[in-house]
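Asker: Line by line, the protein sequences are chains A and B. Heads up, the first sequence is in the numbering used here, so the first residue is 44 and it goes up one at a time. Heads up, the second sequence is in the numbering used here, so the first residue is 44 and it goes up one at a time.
Just so you know, these hints were derived from the structure itself, not from any lab. Hints may contain errors.
Copies of the same chain look alike in the list, so a pair counts if it fits in one copy or across any two.
[To be verified] Here are the simulated DSS-like cross-link-like pairs (lysine-lysine), alpha carbons at most 27 Å apart as the crow flies:
#1 K426 to K339
#2 K279 to K71
#3 K256 to K71
#4 K279 to K214
Note that the coordinates shown come from a computational prediction; the quantities given were computed from them, not determined experimentally.
There are 2 protein chains.
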Amino acid sequence: MVAELIAVGTELLLGNIANTDAQILSEKLSALGITVLHHTVVGDNPERLAEALETARRRADIIITTGGLGPTYDDLTKQTICRTFGRELELHQDILEEIRTWFETKLGKRMPENNVQQAMLPVNCTVFDNPVGTAPGCAFQEGGVHVLMLPGPPFECRYMFDNRARQYLEKLTDGVIVSHEIKIFGMGESSVEEALREPMTRLTNPTLAPYAKLNECMVRATAKAETREAAEALLKPLVAQVLETLGDVVYGVDVESLEQVVSAALLERGLTLSAAESCTGGLIAKCMTDLPGASKVFRGGVVSYTNGVKSGILGVPEALLEEQGAVSEPVARAMAEGCRRVCGSDLAVSVTGVAGPESDDRGNEVGTVYIALASDQGTICRKLSCGKGRGRERVRSAAAQNAFDMLRRTLLGLPL
Amino acid sequence: MVAELIAVGTELLLGNIANTDAQILSEKLSALGITVLHHTVVGDNPERLAEALETARRRADIIITTGGLGPTYDDLTKQTICRTFGRELELHQDILEEIRTWFETKLGKRMPENNVQQAMLPVNCTVFDNPVGTAPGCAFQEGGVHVLMLPGPPFECRYMFDNRARQYLEKLTDGVIVSHEIKIFGMGESSVEEALREPMTRLTNPTLAPYAKLNECMVRATAKAETREAAEALLKPLVAQVLETLGDVVYGVDVESLEQVVSAALLERGLTLSAAESCTGGLIAKCMTDLPGASKVFRGGVVSYTNGVKSGILGVPEALLEEQGAVSEPVARAMAEGCRRVCGSDLAVSVTGVAGPESDDRGNEVGTVYIALASDQGTICRKLSCGKGRGRERVRSAAAQNAFDMLRRTLLGLPL
Numbered sequence: 044m045v046a047e048l049i050a051v052g053t054e055l056l057l058g059n060i061a062n063t064d065a066q067i068l069s070e071k072l073s074a075l076g077i078t079v080l081h082h083t084v085v086g087d088n089p090e091r092l093a094e095a096l097e098t099a100r101r102r103a104d105i106i107i108t109t110g111g112l113g114p115t116y117d118d119l120t121k122q123t124i125c126r127t128f129g130r131e132l133e134l135h136q137d138i139l140e141e142i143r144t145w146f147e148t149k150l151g152k153r154m155p156e157n158n159v160q161q162a163m164l165p166v167n168c169t170v171f172d173n174p175v176g177t178a179p180g181c182a183f184q185e186g187g188v189h190v191l192m193l194p195g196p197p198f199e200c201r202y203m204f205d206n207r208a209r210q211y212l213e214k215l216t217d218g219v220i221v222s223h224e225i226k227i228f229g230m231g232e233s234s235v236e237e238a239l240r241e242p243m244t245r246l247t248n249p250t251l252a253p254y255a256k257l258n259e260c261m262v263r264a265t266a267k268a269e270t271r272e273a274a275e276a277l278l279k280p281l282v283a284q285v286l287e288t289l290g291d292v293v294y295g296v297d298v299e300s301l302e303q304v305v306s307a308a309l310l311e312r313g314l315t316l317s318a319a320e321s322c323t324g325g326l327i328a329k330c331m332t333d334l335p336g337a338s339k340v341f342r343g344g345v346v347s348y349t350n351g352v353k354s355g356i357l358g359v360p361e362a363l364l365e366e367q368g369a370v371s372e373p374v375a376r377a378m379a380e381g382c383r384r385v386c387g388s389d390l391a392v393s394v395t396g397v398a399g400p401e402s403d404d405r406g407n408e409v410g411t412v413y414i415a416l417a418s419d420q421g422t423i424c425r426k427l428s429c430g431k432g433r434g435r436e437r438v439r440s441a442a443a444q445n446a447f448d449m450l451r452r453t454l455l456g457l458p459l
Numbered sequence: 044m045v046a047e048l049i050a051v052g053t054e055l056l057l058g059n060i061a062n063t064d065a066q067i068l069s070e071k072l073s074a075l076g077i078t079v080l081h082h083t084v085v086g087d088n089p090e091r092l093a094e095a096l097e098t099a100r101r102r103a104d105i106i107i108t109t110g111g112l113g114p115t116y117d118d119l120t121k122q123t124i125c126r127t128f129g130r131e132l133e134l135h136q137d138i139l140e141e142i143r144t145w146f147e148t149k150l151g152k153r154m155p156e157n158n159v160q161q162a163m164l165p166v167n168c169t170v171f172d173n174p175v176g177t178a179p180g181c182a183f184q185e186g187g188v189h190v191l192m193l194p195g196p197p198f199e200c201r202y203m204f205d206n207r208a209r210q211y212l213e214k215l216t217d218g219v220i221v222s223h224e225i226k227i228f229g230m231g232e233s234s235v236e237e238a239l240r241e242p243m244t245r246l247t248n249p250t251l252a253p254y255a256k257l258n259e260c261m262v263r264a265t266a267k268a269e270t271r272e273a274a275e276a277l278l279k280p281l282v283a284q285v286l287e288t289l290g291d292v293v294y295g296v297d298v299e300s301l302e303q304v305v306s307a308a309l310l311e312r313g314l315t316l317s318a319a320e321s322c323t324g325g326l327i328a329k330c331m332t333d334l335p336g337a338s339k340v341f342r343g344g345v346v347s348y349t350n351g352v353k354s355g356i357l358g359v360p361e362a363l364l365e366e367q368g369a370v371s372e373p374v375a376r377a378m379a380e381g382c383r384r385v386c387g388s389d390l391a392v393s394v395t396g397v398a399g400p401e402s403d404d405r406g407n408e409v410g411t412v413y414i415a416l417a418s419d420q421g422t423i424c425r426k427l428s429c430g431k432g433r434g435r436e437r438v439r440s441a442a443a444q445n446a447f448d449m450l451r452r453t454l455l456g457l458p459l
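Can you make the complete structure from the sequences, with help from the hints?
Answerer: The structure is reproduced here in structure tokens:
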């Protein structure tokens, strides 16, 4: 079955918000075996919405709209859909009571009169009540096309899909689609594609496709079958082949990020980490603490952006800073060792380098970065030259990702 | 002029990534006075892309595609656009050399042969070279419709728009459009709208429109005129009116962020800052060091994610941590004072709180955050209750923004 997503909202066309509903729904639909072929965004404009609906009904079995169900004057989705598909709207007294109760108990105020509109729904529709907001959604079928209306706020959209729309859609589909994401660091998208060209171009089910991310990339393997088990059986040898071809540049399958892999490896081994950061300026600590439960493995760190902090807190000898310069291998090593000591962690990683936009006063070019990792096994160091003209953000992100890569390789006993 | 954005990429339809390019470009186009009426997303499929192009050329003056310019087999944007608009592709030897040089000097490796494709561009196009990636973009005009092709990775897309596509588009619009962005922290979008409803609904040139951002908002004033001077003359009284109406919740006009304002205020006064971060885990340091030249004002900081680091490095008394708990006003104050001492900075800010997903073991709810600011004038503290159900990322970001707000108000002598 083919689905099309239509998001309604002028705020999307003004760039005020991104269309995250489309991302959320696409991922969930593809897991249900429903193929999404188009996303469309239109503003709060009945004519353009009607045009988008007419186009969608010609090419999709399922149309899902997001947004435009609220009580304000520009929320026109239901009215326009009903006009396009030739349905009447009718007042649902029970929904009206629910909305009134929501206002009184959850928000502690009287329901404004224009919210009555939210209880107007198409005749003979399946109602999706909304316990996490006021706008209910709904679905109906007309001429073989299923139309589902979901609220715009991502939290409500996600909730209503998972708890209401999913059951409606599961009855319509045959078969499931299963995907696995093979995450790669240390090999570029074109080299990955070169290595896997044969299966990528030959295969139709399962399929294999490459995706570039900032400083890393991934390959997605996808299979369609009657059952999840059958799809997994198709995927198993393919994923194994990719892992064998690419080797240890693959840092995980179906994992979020390098730092998540590092965090899990630390937790499994009962080890703790700290970070001494110069040019990354807190980015490594931020990435580690983005993960819930970080305090089990991450003790903290020092952002030693100036030499005073490098010597004062981390104990890097002033003479070393003077002789070698802050951006040097000996200083990186001393930072990691000092950080491990003052934070009392099993491992400590350090980063010192030139993020740009200008070279440092010792002539180190932008993108020159030293990363050290101290443990009870001693200290190792990696030097990066991650490129001029790549921008401060990319240099910093490359430095952090390389630090996580060194940690992963050290923790898992892989070659560095 | 009316623009339509077409994003190309199966990864968007699978929900792998959100269409952030559309958001970035929509915001920038609207600032140029170009109206965006549709966003469309199609997969790596030449037929559906061709269909989307045919539809777009009937209803838009400007078509901007994002994605599908890379070297892999599924990057079909240029070929499909050329077929649709009846153009040939030709090899640009100079671009090929640039890409080859990029690989050799920036990445230190041989260019894979499939990257030759990236140097194939439509005959008689304006080339947008890409110093931050390998895929160049381009633009041409055919039958009154301008077609612009930009790379998919958001960093490259943003860079190429700002540095290449913008100039191309500015020549198409008659007159100039000038915008000023009035940035606001500490007043919600609906209150801002209420305060400025009259000019927002009445004015047509200049115009005034509100935008919500994560934990903050802004108002954009836009004027169109024959010259930049004439546009500025229209904007001047309007911007003054907004500043007078909103007062000191406005933290700047045409500035990037609160931290940029703080950084400039520190620089002007010759003062330095450090940060002791618990629940923000390095986010404040990261924001400060995102800014080039940060080392002039930011000495560094301590990510004291565990009590051991709070006492060991910052000197927070263990008895205080024991009695009051890590999430408390006395601990926040001690963290800021300790950080100021060990980093040797004029000012130090500290954050301790519960980012979630769970309450802490003393029953502090998610979103409870204490922020302290130490200086030679003493230490002040702000308590936030930034809400259950808002998610870890929003709590952390609200905490960091409040810290910057306290710094701004202290540095500028505004009420706290």
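Asker: So, for every hint listed, does it hold in this structure?
Answerer: Hint check:
1. K426 to K339: between (29 Å within a copy, 26 Å between copies)
2. K279 to K71: within (21 Å within a copy, 45 Å between copies)
3. K256 to K71: both (15 Å within a copy, 23 Å between copies)
4. K279 to K214: Within one copy only: 25 Å inside a chain, 54 Å across chains, cut-off 27 Å.
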